[in-house]
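> Each chain, written out:
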Amino acid sequence: MKFFKSKYTQTIVIVMAVSGLIFLALGGYLTPLYNLTLNPLISFQSWLSVRYLSLREYLTSPREVTELREQNALLESQVTQLQTQLIEMEEQLAEAEVCFALLDFGRTNPEYDYIAATVIGREISPFLQYILIDKGTDDGIQFGMPAVTQQGLVGRVDAVIANAARIKLITDSTSVVNVHLQSAETEAQLVGSLTGDVSLDMIPLDIKVDPGDVVLTSGLGGNYPPNIFIGQVLSVQQRDNALFQTASVQPIVDFSSINAVLVVVNFEAVDTSPLIPED
Amino acid sequence: MIAHLVCVLSLVVAYILQTTIFSQTPLLSGTADLILLFLAAWSLQENVENSWLWTVIAGVLISMVSAMPLYAPLFGYLGVVGISRLLQRRVWRVPILAMFIVTLLSTFFQQALYVIALQINGSPIAWGESLDMVILPSALLNLIFALPIYAVVNDIVGRMNPLEVEP
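If you read the sequences in order, they're chains E and D.
So the number in the working numbering is just where the residue sits in the first sequence, counting from 1, plus 4.
So the number in the working numbering is just where the residue sits in the second sequence, counting from 1, plus 849.
In short, the hints are calculated from the structure, not lab data.
C-beta atoms are modelled at their ideal positions from N, C-alpha and C, and glycine is treated no differently.
The reader is advised that the hints may include incorrect statements.
[Claimed, not checked] Restraint-style ranges between C-beta atoms, simulated for each label pair:
#1 Asp142(E) to Gly1007(D): 40 to 46 Å
#2 Asn970(D) to Asn270(E): 30 to 36 Å
#3 Ala166(E) to Val857(D): 30 to 36 Å
#4 Met850(D) to Thr41(E): 18 to 24 Å
#5 Tyr116(E) to Gly1007(D): 54 to 60 Å
#6 Ser47(E) to Asn970(D): 29 to 35 Å
#7 Ile945(D) to Gly32(E): 42 to 48 Å
#8 Leu224(E) to Pro973(D): 17 to 23 Å
#9 Ser58(E) to Ala961(D): 35 to 41 Å
#10 Asp981(D) to Ser58(E): 31 to 37 Å
Bound conformation, chain D alone (with noise of 0.2 Å):
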C-alpha cells in the first residue's frame, strides 16, 4: 500500500514541477519531461507491481489537464512504461544503461505520438521541424535528467524495500 502512496504522491510532485518549472526551461521549443522520466524509472525497478495501474490513472488525469488531443498523453506514457518493461528484463543487469535507452525510445514514441494526434486534430505541424525543433532537444533534455531522476526514484523504491539480511 505503500508503494501506492509513493506513486501518487512523486506523480503529483513531479506534474508540479514539470508545469512550474521544467515546461518553462526550453531547449530550444523542446522542454524534459519529468512524469515521462519518473514514470520510466519507477517501472524499471524489479521490487515495482503497481506502474500500469498508476500509469493509467495519472495518464488519464494529465490527458485532462492538457490541451493535447484524443487523451495522446495516456498512450505516451502507456508505450514509456511497455517499452521500460520490456527493456528491463533484457538489460536487467546494467540498470542504468536500461534507463537511458528507455529515456530515449520513449521521448522519441511520446513525442511521435503528439505530432501524429496534433496532426489528426488538424494542427499544421511538420515533422521536419518538429525533430529538429521539439523532438531532438526534447530527447537531449530527458538523457540529461534520466540520471538523477533514476538515482532519486532507486533511493525511494531502496527505502521502501530494504534489503533483508539472514542472520
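Chain E extracted, bound-state conformation (with noise of 0.2 Å):
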C-alpha cells in the first residue's frame, strides 16, 4: 500500500490517466461525457457573462440618462438600419439601370440566414481581438460563417465545437477585410491593428476620400458577403513616396460591449487559398 501513497506514483498515474483521456478525447470516444461536462460550463460561463456585464452596465450609467440612452440606442439602431436599407437601395438601382435584363437579384438583395448567439467571453491574451458565442456545430455554426449585429459586420466564425464557437473581430491585427468606399466607388482593404482600432489600406493615390464616407464589404476574396456596413471614414493620410493612401475608421459597431451576434448561416466562405502561389 506504501506504494501506491508515494507522491511520485500519484504523479506517475494522474499523468497516465491525463494522457489516457486526451488520447480518448482525440480520439473522439469521448464526445458524449465532453458534451455532459460542457454544457454546464458554458450555461454557468454565459450566466455569469449575462449578469457581468448587465452589472457593469447598470453601474457606470448614470440614472437618469438611463431612460434617454436605451431611447437613442434604439433611434440609432434604426437610423444604422434605414441606412443600410438605403445604401442597399441604391447600389440595386444603379445596378438595375445598367443591366437590368441580368440581374441577379439572388446575388444583389440577398436574404441571410441568421442564428442569433450570446457573447460568453473573450480571449485570454489581450493581443487578440476574439470573442466567444455560446452557439457551435449543433445550431449549424460553421467556421468561416460571417457574423454580424444590427449595426454591421463583427467578424467571421474562426473555430468551433459542439456548442460554442470563436470568432475572429475585424479589430484583430490580423483581420483583412475587402470594402467598398460608397462615395469614392472604390475598393480598398480594412485591417485591424493591436489596440482594436481598424484603419482602411490599399486606397489608389488618385481617388479622393473624405471624411464620413461609408466604408460596406465588398465582398472581394468570398469572405464575407458584400454591402454589409462597418464604418465611416474619419480622416485621410497621405504620405509622400507612398504607393497608396490610409484612412482612419470609426466602425459602428462598439466591438467593446457586443452582448449578441447574429450569425450569417447560409453564407458559404470561399477557400481561395489554393489559388494562391506557394512560395
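Combine the two chains into a complex, taking the hints into account.
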C-alpha cells in the first residue's frame, strides 16, 4: 500500500490517466462525456457573463440618463438599419439601370438566414481580438461564417465546437476585410490593429476620399457577403512617396460592449488559398 | 489527492472569470491574467508540489481554447511557474514581496513570449506599441490583483494543510 501512497506513484497515475483521457478525447470516444461536461460549464459561463455585463452597464450608466440612452440606442439602431437599407437600395437601383435584364436579384438582394448567439467571453490574450459565443456546430454554425449585429459587421467564425464558437473580430491585428467605399467608388482593405482600431489601406492615390464616407464589405475574396455596413471614414492620411493612401475608420459596432451577435448561416466562405501560389 | 482536486477546480473557476470578466475589463488594451496569478500564487506555496503537473495540463487546454499560436500559453505558464519556483527559495521570508516580483517578471516574460509567437506567425505587431498599450497596463493590473489572489490561494492551501499543534 505504501507504493500506491507515494507522491511519485500518484503523479505517474495522474499523468497516465490524463494522457489516456486526452487520447480518448482526440479519438472522439469521449464526445458524449465531453458534451455532458461542457454544457453546464458553458451555461454557467453564459449566465455569469450576461450578469456581469448587465451589472457593469448598470454601474457605469448614470440613473437619470439611462432611459434617454436606451431610446437613443434604439433610434441609432433604426437609423443605421435605414441607412444600410438606403445604401443597398441605391446600389440595386444603379445596377438595375445598367443591366436590368442580367441582374441576379439573388446576388444583389440576398436573404440571409441568421442564428442569434450570446457572447460568453473573450480571448484570454490581450493581443488578440476574439469573442466566444454560445452556439456551435449543433446549432449549424460552421467555420468561416460571418457574424454581424443589427448595426454592422463583427467578424467571422474562426473555430467551432459542438456548443460554442470563437469569432475573430475585424479589429484583430491579423484581420483583413475587402471593402468598398460608397462615395469614392473604389475598393480598399480594412485592417485591424493591436489596439482595436481599424483603418483602410490600399486606397489608390488618385481617389478622393473624404471623412464621413461610408465603408461597406465588397465581397471580394469570398470571405464576407457584399454590402454589409462597417463604418465611416474618420480621416485620410497621405504620405510622401507612398504608393497608396490610408484612412482611419470609425466602426459602427461598439466592439467593447457586444452582448450578442447574428451569425449568417447561409453564406459559404470561399477558400481561395489553393489559388494563391506558394513561395 | 485533495490538492489536485482543489487545483483543477480553481483553474476552471479562474478560466471562467478570466474570459467573462477580466478579459472584458481592459486598461488601455491590457488585461489582468487571473490564471497567471493563480499559478504564480499556487507555486509560491511551500506545501504545494503539483504545480508543474497542473501547469502543463492547464497550459495545453488553454492553448487549445485560445487563438494564440504555437502553444504560447503553455510555455508562458511554464515560465511563470519556473520563475515562481526559482524565487520561492530566494525570497521565502517575504512571500508577498515574492508574489509581486513573480507577477511582474512573469507578466513581462509571458507577454514578450506572446509578441514573439505572434510575430513568428505573421502578425504585424510592433514592440513599442505592445509595451505601451498591452504589456505595461497588463503588468499594472496584474500587480493590483496579485495581493488578493495570493491571499485567497494562501488561505486555500492553509486549509488543506493545517498546522499541527503539539500537545
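> Which of the stated hints cannot be reconciled with the structure, identified by number in ascending sequence?
3
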